[in-house]
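Asks: Those protein sequence lines, which keep their order, are chains A, P and V. What the first sequence shows, in our numbering, is residues 138 to 496, in sequence order. What the second sequence shows, in our numbering, is residues 83 to 198, in sequence order. What the third sequence shows, in our numbering, is residues 201 to 312, in sequence order.
Don't take every hint at face value.
Derived lysine-lysine pairs resembling BS3-like cross-links, with alpha carbons at most 25 Å apart [what the hints assert, rightly or not]:
#: 1; chain 1: V; residue 1: K208; chain 2: A; residue 2: K331
#: 2; chain 1: V; residue 1: K212; chain 2: A; residue 2: K315
#: 3; chain 1: A; residue 1: K189; chain 2: V; residue 2: K261
#: 4; chain 1: A; residue 1: K315; chain 2: V; residue 2: K261
#: 5; chain 1: P; residue 1: K129; chain 2: A; residue 2: K450
#: 6; chain 1: A; residue 1: K331; chain 2: V; residue 2: K212
#: 7; chain 1: A; residue 1: K418; chain 2: V; residue 2: K289
#: 8; chain 1: A; residue 1: K296; chain 2: V; residue 2: K228
Simulated from the structure, these hints should not be mistaken for lab results.
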Amino acid sequence: MDKRTIIPFGPQHPVLPEPIHLDLVMEDEVVVQAIPQIGYVHRGLEKLVEKKDFQQYTFVAERICGICSFMHGMGYCMSVESIMDVEIPERAKFLRTIWSELSRLHSHLLWLGLTADAFGFESLFMHSWRLREQVLDIFEQTTGGRVIFSVVDIGGVRKDISEDMLKKIAALMDTFEKEVKEITDVFLNDASVKSRLVGVGVLTKQQAHDLGAVGPMARASGIEEDMRTQGYAAYGKINFKPIVAQSGDSYARTEVRIGEIFQSMDIIKQCIAIMPEGEIKVKIKGFPNGEYFTRLEQPRGEVIYYVKANGSKFLDRVRVRTPTFANIPALLETLKGCALADVPILILTIDPCISCTER
Amino acid sequence: MAEQTIGKISPNELLSETLRLKNDGYRLVAISCTNKEGIELTYSFDKEYDFINLRLNIDYDTTIESVSLIYPYAFLYENEITELFGVKITNISVDFDSTLYRIGVKTPFNEPKEEK
Amino acid sequence: MSILSITKTLFKSLLHGPYTEKYPYEKKVNFENTRGKIEINMPECIYCGMCERRCPTGAIKVEKELSKWSIQRLQCVQCSYCVEVCPKKCLTMDNQYTAPSFDKARDEYTNA
């Protein structure tokens with residue numbers, strides 16, 4: 138009978154960007170079961186609806202997370218606009234799409250750097266984050282902030298991007314593509330990287346469906362589901378197909394995210410080519426009354442916003458169900474049967490954003 | 083606007099409806115809860131972009147069965163609802179017993195002396 | 201399958217030199233759109249109090265009788281909501297950041 142030991146992992150660990158705790162039940166270097174414990178960053182943001190009115194809550198909703206901050210603000214504003222039946226101008230929809238795709242680009246580059254750090258390849262980590270700095274400079278020139286933009290509002294967006302800035306962004310995407318290709322070739326072809334990623338943490342298509350995985354985690358196992366094909370914001374006018382891989386291991390998830398980086402650059406170039414002129418904001422009157430569910434595609438997967446309003450200045454309820462919350466059971470399943478040295482990599486392949494999970 | 087079907091059911095029908103949706107191939111997307119003159123629970127399901135919600139309206143003392151026998155990953159949602167709202171849910175597959183978030187106040191969204 | 205495929209990037213970065221700014225010898229120049237801190241044009245202010253009502257953090261305080269407008273620098277999140285709602289357009293967003301400080305000091309402006 139093998140002896141079982143319990144090793145605590147986290148909440149402080151050099152490889153984790155945010156605190157999460159797992160109790161790993163081990164039998165001689167192989168993990169048998171994992172028991173999660175979350176709640177280290179719980180700030181109670183959903184209870185703030187009682188104190189901030191529905192227009193001030195945009196700023197709270199943006200600060201739920203630092204990496205996916207623009208899409209949180211956008212999802213909240215889209216829900217309130219649907220409740221109040223407000224149609225925002227076309228130019229605002231295209232501007233929101235451009236900023237969302239730039240957010241996806243910087244989030245995936247951040248993830249690539251953290252994965253390289255997890256298996257010890259520090260110079261690749263530094264080069265990925267060096268490329269990410271160019272995207273953050275675009276954000277600062279257009280919106281004024283590097284991480285928290287404060288540029289989306291109920292009824293449209295608050296700042297416009299001028300014609301020269303748009304041409305500059307389009308030209309930057311071309312040079313950026315070559316630089317990113319050098320780094321991603323190392324991820325996909327290098328022998329030492331492949332030996333850490335291929336065959337680690339396999340999730341079959343049936344398991345991914347039964348456990349409710351979302352985002353790149355599900356698309357790497359063959360499930361083709363991407364909320365952007367539903368056509369919110371300006372996505373209805375852009376050609377793209379969801380990127381799917383079949384093998385279901387960590388290498389497939391890296392392939393899906395790298396494919397999404399190049400797809401984002403292509404979507405930004407298409408948006409800039411067909412951008413219409415016009416207003417960027419509509420004035421809103423009155424208070425919202427009703428309820429609505431909005432589904433968006435964040436870099437990590439499918440996110441759901443539920444807003445319930447009762448006709449006064451303060452909302453009744455705002456609920457955010459983030460993709461990491463749905464991917465945690467899939468993580469616990471892939472951890473069964475892996476070696477102890479693979480645990481940091483498997484935790485990073487779900488792209489954990491714990492401050493989103495426990496608003 | 084757009085397609086948002088919300089069907090009202092009673093607590094006894096919850097398990098049978100959930101089993102029927104699971105056999106149809108739907109996945110559980112979220113369980114939401116609102117506290118306004120009683121507890122209002124909403125179970126959301128999705129299959130290939132088709133979005134269905136089931137709504138239950140109960141008062142503070144009703145106990146309901148957990149759906150984690152059918153959808154094993156529902157335990158996270160149900161633990162959060164018992165901790166923040168104080169709704170009584172029995173037979174959750176992995177029960178944290180109100181230590182998921184470990185907050186100082188007992189059920190912050192459902193304080194006993196406040197009225198809405 | 202290849203080995204040592206990062207050598208090309210490594211050589212390029214050796215020849216390029218450091219990618220970072222050599223602070224404190226060269227200071228960073230902020231972009232013109234950067235949200236640094238709020239500035240007020242005091243003679244134009246009519247003390248209506250719209251900025252105080254709309255501020256999401258409650259950093260601004262307006263006192264009409266004393267002709268005083270004050271802002272707590274460390275509580276402001278630079279969202280520029282007050283800049284949008286001011287009816288006289290006397291508030292602007294400057295692109296230099298506030299200097300760091302130990303205590304929560306309020307910056308006060310009077311027009312007495």
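Asks: Each hint needs a verdict: does it hold in this structure or not?
Replies: Here is how each hint holds up against the structure:
In summary, the hint linking K208(V) to K331(A) is supported, as the alpha carbons are separated by about 19 Å, within the 25 Å threshold. At most 25 Å may separate the alpha-carbon atoms for a hinted pair to count; K212(V) and K315(A) meet this at roughly 14 Å. About 17 Å separates the Cα atoms of K189(A) and K261(V), which keeps this hinted pair within 25 Å; it holds. Proximity of K315(A) to K261(V) is assessed by CA-CA distance (about 51 Å); at most 25 Å being required, the pair is judged violated.
The suggested pairing of K129(P) with K450(A) is violated, with an alpha-carbon distance near 35 Å, which exceeds 25 Å. Distance hint between K331(A) and K212(V) is fulfilled; the C-alpha atoms sit about 24 Å from each other, no more than 25 Å. Between K418(A) and K289(V) the CA atoms are separated by roughly 19 Å; this keeps the pair inside 25 Å, and the hint holds. Taking the CA atoms of K296(A) and K228(V), the gap is near 24 Å; set against the 25 Å cutoff, the hint holds.
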